[in-house]
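2 protein chains.
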Amino acid sequence: MCSSENPLIGVIGGVGPYAGLDFFRNILNNTIIARDQDHLSTVLISCPALIPDRTEYLLENEQENPAFGMFECARRLEAIGVKYASVACNTAHSKRIFDPFTAMVREKLPNLEIVNMLETCTAQVKKTMPGLRRIGYLATKGTYASGVYHEYFREDEGFSLMEPEFQGRERIHEAIYSKEFGIKVHSDPVQAKARSILLYETFKLLDRGAEAVILGCTELPLAVNPHDFLAPIFDPGKLAARRLVGLVAPEKLRQD
Amino acid sequence: MCSSENPLIGVIGGVGPYAGLDFFRNILNNTIIARDQDHLSTVLISCPALIPDRTEYLLENEQENPAFGMFECARRLEAIGVKYASVACNTAHSKRIFDPFTAMVREKLPNLEIVNMLETCTAQVKKTMPGLRRIGYLATKGTYASGVYHEYFREDEGFSLMEPEFQGRERIHEAIYSKEFGIKVHSDPVQAKARSILLYETFKLLDRGAEAVILGCTELPLAVNPHDFLAPIFDPGKLAARRLVGLVAPEKLRQD
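Protein chains in written order, with my numbering: chain Z, 782 to 1037; chain A, 782 to 1037.
By construction, these hints were calculated from the structure, which means they are not laboratory data. No false leads were slipped in.
Just so you know, same-sequence chains aren't split out, so a pair can sit in one copy or run between any two.
Computed cross-link-like contacts, DSSO-like style, restricted to lysine-lysine with a CA-CA straight-line distance of at most 27 Å:
#  : residue 1 : residue 2
1  : 876       : 908
2  : 876       : 907
3  : 864       : 889
4  : 960       : 1033
5  : 908       : 1033
6  : 985       : 960
7  : 985       : 922
8  : 889       : 876
9  : 985       : 974
10 : 907       : 1033
With these hints in hand, go ahead and build the complete structure from the sequences.
Printed below as a string of structure tokens:
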């Protein structure tokens, strides 16, 4: 075994599976390499059967907390030496899911550090756009209903979060979950209907005065290219992937 | 934990890392699902620093056999319960690498079954095109020099393998390895120069009489779409991914 292997990076994917793949791609895309061997040791675990739908849990509260399945994935990663990991799902970062998850990790997997995707995003927004106040975000109904973004982009710190109106939130949810055209079922390629809904809802947020928009669901970057907009568009998955690269090999972090 | 989790699938990626990602995508794309939770539990391990370049090993024989790094990845996968795994690299299937690798797995990881990507490809070619004789393949210089495809597509079984001419083989190698435009360094997006070389060399093989062409390097499907050709184009990575799905959940294997 080569002694220069970096501390192992883990990605808890499967939530959904294509979003996990996109998170991994972000790690690769943000690493400076000249050959295969320069890429960072990374393990993507995708066990979706273990993790109930996060939005359903938050809205209906009738099934097992997804935190338990996320923890089982974390346990498996830790068992093979993973040191830093993220969960590739925004909705999972709701305190009702993420707090019990991180509590279990702290207690039972003390050698594993969880990089919180939304804390990473908040820190990046504050750093790169310190004057930013009005920030829009596209998300699942579970993320909106649980108020998870309000926990990270706090009013008392000057943030004013903007959400699409009721119909827009419903349409975004369909763009993610619809069996006919939603990204979770139709990812490769993403359907034009899903993409057009997400583009339009982003433009509407900007038109209403949002100074930046967050793609607040890891399925959204599969459909929306931040470069399609003049305004800053933040992708928490990309930011967390960059944070993981920066933690294990800062000299290899590609300039953004 | 949900009791209905499938036997864990493993992908030994990192050889190269984007090819591993593509292999994982093939598992997702070939699974019938209606929601996230229907996707199969899969772990992608990508530890490229552990696995020296396969082509360099075969051509120069000066470094450690990549089999040892592949085995370390297999060991990690087995430690978390993976039952079936493939190595997402054609060149690694040369007997000089793959035989010691599978010997170590059989001896030390008896619960892990390795699905051989090239055996799977040969079986599929024989099944779907039983009369096929003249078969072209695009590959790295290591794959050509090691004769690995001749071990699987045997003359005494009637196969006549066709390779590009010398200059073509050099150009294909550049399309994969060049620091300026090769797929290993420039995968997202693939550069037009790499793509055009590979398209042209495929057309030339078909023009010389190949009845089908195999994309004999896992980087090639990142650049070449089999649907760009009228002739049958085989992608061993896709075939092995389908085989893994069929092994753990035959009822979920999507029709090709």
